[in-house]
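Engineer: Sequence:
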Amino acid sequence: MIETFRVKTSLDEFERIVLLYKAQDGKTFIGHSFYYGGRDGSEYLLFLYKDPLPQGGLLEGWNELDETSYHITIVGVHDHRIAVEDFLVCHNPELTWEDVVYVPVHDFTEVDSVYKELNPQPGRAYAFVIGKSAAE
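Under the working numbering, the very last position in the sequence shown is 136; numbers go up by exactly one each time.
Keep in mind that the hints were calculated from the coordinates and are not lab data.
One thing to keep in mind: the hints can contain errors.
What the hints assert, rightly or not - In silico lysine-lysine, DSSO-like type, Cα no more than 27 Å apart, as pairs:
no. : residue 1 : residue 2
1   : K27       : K116
2   : K50       : K27
3   : K50       : K116
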């Protein structure tokens, strides 16, 4: 069984967040927020992938989007909460960062296998959280 949790205070305890939203039509969309220590209050970057995730493994599909999609937006934000909210506004504005199902993983190598077990439900948002205290 996959360990999940709800966050009620802050997301900044995580280094990276891989966001997923499964639309009612079955398409899955991805986003990625990570700390990069930027400037002018934008310490985090959010990559918003506007094309749906191709069928297959999560990392394989994500790599394919990186290599072939012209519909990627990069947004500087001051914390992970804003990044998650921005992602949700693109796909289901009725959801908030507190509605997301968070799945702790140690690193990207776990994401594919956990994704295969996750069985995302339409209309729901999920986030793989990586780093700091994510999978302790």
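Engineer: None of the hints should be skipped; say for each whether it holds.
Structural biologist: Okay, the hints, checked on the actual structure:
no.	hint	result
1	K27 to K116	holds (15 Å)
2	K50 to K27	holds (11 Å)
3	K50 to K116	holds (22 Å)
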